[in-house]
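Work out the full structure, taking the sequences as your base and the hints as a guide.
Numbering of the sequence shown is given in full-length UniProt numbering, commencing with residue 1 and proceeding in unit increments.
Watch out, some of these pointers could steer you wrong.
[Unchecked claim] Using C-beta positions, here's what the derived DEER-type ranges look like: (1) Thr610 x Ala473: 35 to 43 Å; (2) Thr610 x Asp280: 24 to 32 Å; (3) Ala540 x Arg421: 50 to 58 Å; (4) Ala343 x Asp198: 45 to 53 Å; (5) Pro310 x Arg153: 54 to 62 Å; (6) Gly255 x Glu543: 22 to 30 Å; (7) Leu142 x Met648: 48 to 56 Å; (8) Pro684 x Val663: 31 to 39 Å.
Treat the hints as calculated values from the structure; they're not laboratory data.
All residues carry an ideal CB built from backbone N, CA and C; glycine is no exception.
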Amino acid sequence: MDSDGTQDARGTQANPVPRPAGPPRIPAMPPGPPTEQAVPPRPDGTAFLNWLRAPRPEALPGVWRFGYRPRPVEEPELTPTRQLLSGALIGLLCAWLLCSLLYNGYLGSFWLWPWFALAPDSWTTGRGGAVGGAASWIYEALVFGLVFIGLGRIGRWGEIWQRFGPPAWHQAAPVQEKLPDPQEDPAEWPQLRAAGADDAAERLAGDARAGLMRDVDHARISRAWQGVRTGLHPLATFTGAVLKDGAAACAHPSGARDLTSRVARHDLVTGQVRLGATADDARNPYAYRGAGLGLGPDLLGTSLLAVGPPGSGKTGAVVRPLAESLCLNALAGRAAVVVVGGAGAGLGPADAYDVVVRIGNPDSVYDLDLYGGSGDPDEAAAVLAEALVGDLTDPHPSGDSRRSTTVLAQLLGPFRAVHGRFPSVPELRQLLDMAPGPWDALRTGLQGSGQESLLRELDARERQARQPGDVAAVLADRVALLDRPAFAGFFDTSGRSRPFSLTSLDHPVRVRVDLPERGHADASRMLARLVLAQFTASVAAREDRSLFACLVLDDASAVVTPEAVRGIQRLRSANAGAVLTLRTLDDVPRPLRGPLLGATGCRMALSGLTPWDGQDFAEVWGKEWIEARDVTDRQIIAETPAGKAVHMLRRVITGKAPTARAVTVRQVERERWSASELAHGVPPGHAVLSLTTVTGDHAPPLLVDLRG
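The structure is reproduced here in structure tokens:
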């Protein structure tokens, strides 16, 4: 079995997933995945087995689950160390003094009456009639022990033992995990054994012990096993593939089993990538403080918006790790990813992707399908119109994408009926300008073909072109941005190039699109809108939605449009998500800032944010009820000469006048993070992040250290 069922979508077997875009390489055989400390695995596979058997308890949204130890929800009330030690010492001295007074008889002998009343005379009378005997010593030790226990509880000796004694040492020391039960050991593949595939389970367990299995192999085979459980593949086919290839079974169509390098920590059992750690800050909930920050498809399925100035870490600390994680999940057959950014933006090496589209680079192997692989003229017109005029927000009718869609549909339908394809960029520009030669040729091709409805489309286009405010001129100007010598070999529709279409997201494909931002900034923004529009349209039309599809857009400036916001809102139901980054919210039209923040479930404000951007985040994060304490110090006025003398002596010793402190506690409603705090209170390398899962669980805004 060469796939897990999610790699071959219905009706697309004729277009297999492209091979990696980089030069072919022979994959090395490292014995296991990188561990939490990134220690090179040993040849015997011990590191991989330890990684696989590590605990991953259920945790709050965004918590890095690998080796996580849950914390209490509420912060325990801890006595200050100085106060705790002084109280314990006073309790010890009081206990010693009380026992000394009792033993020497300074407090009388009342404490001995139970001994005289209950014990036999032979126990209570020693030599010379005095109280004595070994039994009396036991009674005295019992009384003194009760004294020490009582004053020890008052002095909180138990808390000192827990904080500084052996329990604290054991808590700080690494916990040695117990060997799991063979029936529950994930390295023994108990789910396969329970289904009767003992031979396949033994082969996989042997490869794991021999160091031949990686974390990607384990995730990929687990994904294939899900296809067997759901009835997509026969058990015999899966078992045969495992017995034949072992850890290399059910391979990705590219043949790759890992990435050549990794820049972040990944846990493919949970699908998380670690982006840092939650700061140990009083503004964070106690259960999150100090925990690792991990994001996975359960959070990216609600989409992520990251806003921060250049140099704040958007690309290096957020986009690159997320893109790498999605590529690893694609190799495991669990995701499809499209990464869009400027050429040289540092989005990963070329061999980490199956397809790299370098628009404007003559050495690019792949081209981009301008029409998204659609065969419907109306659908293609809607997507293309969104890319061409989606950023025109002025009240002029030319900014209406619906009118633009109508104009393009009036041209694409007749052209496809005559030529069997959609027009290229120069041809589309000529049709929008109604150049006499191409226009007459198109009309001649339709005449006598029985396409009267399409002829009426051309007639309607001619009538609208004579009216003032026709949008065809605006569309022609936008198409002219792509009709440049640098793009002469791109957007070809004649079949001579290798165009990539986002309809391939039924496969676990890894795609990177490099935009020509240098020298063609307007064209790059238009192409980014085109990819976003094609992505939202393609994932909604997928037949197989078991694959998680994600679009990573490194710079979403001038990309957010009303239709784009509506498309992002629909991604969650299609098992898809988007990662968008912005330098500032000023790149988004004011009427769309609130809807954009509302459409994304995960919102990140990086350090260096402007106060007006912080205000938008503060509004969407809302307010919470907190307990506010108002402390008032009032000077004490002495009325008597003795009191005045005491106050004077106290002022000489302490340097302060005697005061009485009054504390007022009240419930107030305040912003979770104010605009001023977001602008000036987030340290460099940090960010404030709120999270929402696809199931509706959410985490409040957290201060996270992206370098932790």
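Hint check results:
For Thr610 and Ala473, the hinted distance range of 35 to 43 Å is satisfied, since their beta carbons lie about 37 Å from each other. At roughly 27 Å, the beta-carbon separation of Thr610 and Asp280 lies within the given 24 to 32 Å, and the hint holds. Roughly 24 Å separates the CB atoms of Ala540 and Arg421, a value that falls outside the hinted 50 to 58 Å. For the pair Ala343 and Asp198, the supplied restraint of 45 to 53 Å holds, since their beta-carbon distance comes to about 52 Å.
Checked against the hint of 54 to 62 Å, the pair Pro310 and Arg153 passes, with Cβ atoms roughly 59 Å apart. Taking 22 to 30 Å as the suggested C-beta distance range, the pair Gly255 and Glu543 conforms, at roughly 26 Å. Remark: the range hint 48 to 56 Å for Leu142 to Met648 is upheld by a beta-carbon distance near 51 Å. Look at Pro684 against Val663: about 36 Å separates their beta carbons, and that is inside 31 to 39 Å.
Figure legend: structure checked against the earlier numbered hints; the only hint not met is number 3.
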